[in-house]
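If you're matching them up, the sequences are chains A and B in order. Note that UniProt numbering has the first sequence beginning at 1, numbered continuously upward. Note that UniProt numbering has the second sequence beginning at 1, numbered continuously upward.
If you're looking for bench data, these hints aren't it; they were derived computationally from the structure. This one's a predicted model, so the numbers in the text were calculated from it and none came from an experiment. Ideal placement from N, C-alpha and C gives every residue a C-beta, glycine not left out. Treat the hints with caution; some may be incorrect.
Label pairs and their computed distance ranges (CB to CB) [said to hold, decoys possible]: (1) 300(A) <-> 126(B): 54 to 60 Å; (2) 128(B) <-> 56(A): 23 to 29 Å; (3) 466(A) <-> 63(B): 23 to 29 Å; (4) 64(A) <-> 31(B): 38 to 44 Å.
Straight-line C-alpha distance at most 30 Å; calculated DSS-like pairs for lysine-lysine [claimed, not checked]: (5) 68(A) <-> 58(B); (6) 58(B) <-> 68(B); (7) 68(B) <-> 68(A).
Chain by chain, the residues run as shown.
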Amino acid sequence: MTATNLHLYVMVAPLLSAFAVNLLGRRNRTWIGPIAVGALSFSTIGALLTMQRVWQHGAYRYTVGNWKPPYGIELVIDPLSALMLLLVSTVALIATVGALKSVEQELPGRDHLFFTLYLILVAGLLGLVMTGDAFNLYVLLEITSITTYGLIAMGRGRAPLASFNYIIMGSIGACFYLLGAGYLYILTGTLNMADIASILPGLQSHAAMATAFGFMIVGLWVKMAFFPLHNWLPNAYSLAPTGAGMMIAPLMTKVTVYLMIRIMFSVFSPEYTFFAHAGVQSGIVWVASLAILCASALALAQRNLRRMLTYILVAEVGYMVGGVWLANSTGMTGAVLHIVNDALMTLCLFLAAAAIIYRTGSLDFDRLTGLYRRMPLTMAAFTVGAFSMIGVPPTCGFFSKWYLILGAVEAGHWEFVAALLLSSLINAVLFFRIIEIAYFKPAPQPTSGGVLAGEAPLMLLKPLLLTAFALIVVGISSGPLVSQIIRLALPAGFAP
Amino acid sequence: MDQLLTEIVDKYNYWLYVVLMMIGFYAMIGKRNLVKKLLGMNIFQTAIILFYVSTGVKRGGQIPILDKYAALSHGVDASQIINPLPHVLMLTAIVVSVSVTGVALAILVRIYREYGTLEEDEILEKIRS
């Protein structure tokens, strides 16, 4: 095992362990936990070493099977993808520990199937982060999507219907992306991202080029549930088994935002993306502002904690898309920092939701009464996550919002500033409503058969507390994080 | 008008894929029956496969298999050989679309067992009641 192949092992470990989980977990379910957690710990350590290597020696490219690019498939590890690699493997590891417990309760007897899909999904996400090939990206996007469809359909009640709607929308998104890649292939005759990027500036701004760009970006928007295209997300994510939601909600949308950054900067140039078609860039910032406001307003109407969180997730996508399209390095820093923060915040809130659902069986608001007395640690962690979503200073949510607002002011997009501030206010209303219900309303009397036990099991509680702690640590250390890592991760020619 | 017609006839493969794609898109969005939606999705994906395959075609082109001796003596004329790459890519895309269809059909079976129907309106009515 040499260091040059390290990032490949990061991806292969969950993929191989998926088969192991299926074979061994079928016989005896005690195998599942050690295999899944072991493989993902290996990936996390590998990602950490990859990050360190990129940090010391700079970005590098890796040709799979020694087929030289542009003919072979290339993996690109630049600082941004190294950061995403670390984020995906860490979040997946933490979510897995929690998922083991909640899957045991929710899907008895089917947990080896659940974790097979789950680990393939992690492998797909890790592959998406690294790939440097436009068609390879499509295939990996579909791998992650197909496993997600399966995971969501494992839920009870209406989950299969939500999953079917997601299949229809997800296929439209992926097909649009594929179509865009086809136009690029007609124009340039290559599918390697770096190769396309070197050929495209030579072509005069062509209608086919704009078509390719439009199809690719819109396809990814459908996949990431950017506001007008978000319809599939709330149902799919709130009806999925809690174990699956914990992992899908923090990672899928964030990785797709990363892919959008990839397409915008590694395939097309910032000049083309932002300045070739005047009006498009500021139009998208307007749409993002609207997205934030509408999704926050829709979140206000929900009476179920997990459904509310999914609408907040849609609003957060608006934050990131808007931040990227502000077309300045401050906004871009904010967007990248928000990818990291939002993954952690969403993980924290969904873990808390899973812990609550484990004990009370429901997340409707009227079932949350008196939770602070029954589950003090869980609710403390939930409060930290909520404060981070709102943007209270020592938690990390504040810092990315700060950068986003600074970037918007710099670009003169006051509507985006207003949307960010208003949505923070709405988030405050949303979360204080829950805190009020859970803290001040007295706990219901235990009816016959009602479960009013205390804290969630340690397997759920530990990752939750760890994530809540990480929110504060990342918040406090966001200065060095930005100056040491994210500055490097900004696309070339776009640094301040 | 005449110019438009020649434009369409010249690039008939692209127009064909656009029409097919729109049919599929309409079925996915407009139809209320879940199986019809799935069929629409398949038409949509097939349209894209046809689009890719037609980009590799050349008039009077040959299959991309070379006779070793002919290539050694005359060299290779690239304009005579069809680009095989789009076809190869579409093999992967076909596999992807088959797997998506498989997953979707399995989910449809579960939906049918749960609600006893595949009409979207009736399912929504049953959920509401």
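Hints and how they fare:
{"no.": "1", "hint": "300(A) <-> 126(B): 54 to 60 Å", "verdict": "violated (29 Å)"}
{"no.": "2", "hint": "128(B) <-> 56(A): 23 to 29 Å", "verdict": "violated (60 Å)"}
{"no.": "3", "hint": "466(A) <-> 63(B): 23 to 29 Å", "verdict": "violated (59 Å)"}
{"no.": "4", "hint": "64(A) <-> 31(B): 38 to 44 Å", "verdict": "holds (41 Å)"}
{"no.": "5", "hint": "68(A) <-> 58(B)", "verdict": "holds (27 Å)"}
{"no.": "6", "hint": "58(B) <-> 68(B)", "verdict": "holds (22 Å)"}
{"no.": "7", "hint": "68(B) <-> 68(A)", "verdict": "holds (24 Å)"}
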